[in-house]
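Asks: Sequence:
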Amino acid sequence: MENRKNIIPIIEAILLCGQQNLSTRGHRDSGKIEVENSEPRENDGNFRNILKYRALGDANLKKVLESPGRIKYISPTSQNAIIDACNSVLLSKIVNRVNKAKCFTVLVDETADIAGIEQVSICARYVNRETCTLHEDFLQFVPTADLTGKGLATLILDNLKHFGIETQYLRGQGFDGAAAMSGKYNGVQYHIKQAHPLAVYIHCSAHSLNLAVSSSCGIQSIRNCLRIVGKLRDFFIFPKRKAVLSLAIEQSENVLSKKIIKKKL
Numbered sequence: 001m002e003n004r005k006n007i008i009p010i011i012e013a014i015l016l017c018g019q020q021n022l023s024t025r026g027h028r029d030s031g032k033i034e035v036e037n038s039e040p041r042e043n044d045g046n047f048r049n050i051l052k053y054r055a056l057g058d059a060n061l062k063k064v065l066e067s068p069g070r071i072k073y074i075s076p077t078s079q080n081a082i083i084d085a086c087n088s089v090l091l092s093k094i095v096n097r098v099n100k101a102k103c104f105t106v107l108v109d110e111t112a113d114i115a116g117i118e119q120v121s122i123c124a125r126y127v128n129r130e131t132c133t134l135h136e137d138f139l140q141f142v143p144t145a146d147l148t149g150k151g152l153a154t155l156i157l158d159n160l161k162h163f164g165i166e167t168q169y170l171r172g173q174g175f176d177g178a179a180a181m182s183g184k185y186n187g188v189q190y191h192i193k194q195a196h197p198l199a200v201y202i203h204c205s206a207h208s209l210n211l212a213v214s215s216s217c218g219i220q221s222i223r224n225c226l227r228i229v230g231k232l233r234d235f236f237i238f239p240k241r242k243a244v245l246s247l248a249i250e251q252s253e254n255v256l257s258k259k260i261i262k263k264k265l
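FYI, the numbering for the sequence shown is 1 to 265, going by full-length UniProt numbering.
Hints listed in this document are in silico derivations from the structure and should not be mistaken for laboratory results.
All residues carry an ideal CB built from backbone N, CA and C; glycine is no exception.
Misleading hints may appear alongside valid ones.
As the list claims (entries may be wrong) - Lysine-lysine pairs mimicking BS3-like chemistry, simulated, CA-CA at most 25 Å apart:
| no. | residue 1 | residue 2 |
| --- | --- | --- |
| 1 | Lys242 | Lys231 |
| 2 | Lys62 | Lys5 |
| 3 | Lys193 | Lys102 |
| 4 | Lys100 | Lys161 |
Claimed, not checked - DEER-style ranges, computed between Cβ atoms:
| no. | residue 1 | residue 2 | range |
| --- | --- | --- | --- |
| 5 | Lys150 | Ser88 | 39 to 45 Å |
| 6 | Gly31 | Tyr185 | 55 to 61 Å |
| 7 | Ala115 | Ser67 | 35 to 41 Å |
| 8 | Gly151 | Glu39 | 49 to 55 Å |
Sequences and hints are given; from them, build the entire structure.
Replies: Below, the structure is given as structure tokens:
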């Protein structure tokens, strides 16, 4: 029980970093956390500094951090273990909601990360039966080397089953319009439909808009317009010119939402 009590603030620090989209690590990830030392030689990172700050008002946490023992659950390995545990808990809750909803749609996209590894993003779209609200929840990133329609379809279905989702209730597929995803005869949607005939494929509307905007940039008049807008931005980027523009907007009677424009400037 004592160990459980001691690990609570450590878990809360990890959760805070995750909620605020903060990296946990710094230049120094190991060793004793010196609570009273406000100026460490190297950056300790957000996680260790949050614990240090909290320990100033938490005598029990301060005692744990400054104790001579080695088991304090603050090492990079322990941090990763806590993050994995949080992932399991969150994923379990999402899966339970999806299974309660029965019918759901799988949303998938893939892209290469900074390391050049192809990552497949898998999300579920469903109606929460308790609140009668539509949800789109991220499930997991899954690395892959097989980018064929059949390979991606197998990866998606296998991972949905691995998460614990009842795939017999799959009623929709949402992907972009790439051939590997939308192909009639060998795309992901084709192979998933072979296993789940009721899973209707719908081309992602945001991707359709992106394609429309990209295509419109090839039109001479639109290209000229965007070039002029870019030059206007470059012209007003200087503080003095921006101040003159802000003043002109405030004095104008033809601008409806002056506050919004002023904030953007």
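Asks: Could you run down the list of hints and mark each one as holding or not?
Replies: Hint-by-hint comparison with the structure:
1. Lys242 x Lys231: holds (14 Å)
2. Lys62 x Lys5: holds (13 Å)
3. Lys193 x Lys102: Given that 25 Å is the threshold and the Cα spacing comes to 18 Å, the pair holds.
4. Lys100 x Lys161: holds (15 Å)
5. Lys150 x Ser88: 39 to 45 Å: violated (29 Å)
6. Gly31 x Tyr185: 55 to 61 Å: Cβ of Gly31 to Cβ of Tyr185: about 58 Å, so the range 55 to 61 Å holds.
7. Ala115 x Ser67: 35 to 41 Å: Once the Cβ atoms are compared, 38 Å apart, the range 35 to 41 Å for Ser67 and Ala115 holds.
8. Gly151 x Glu39: 49 to 55 Å: holds (52 Å)
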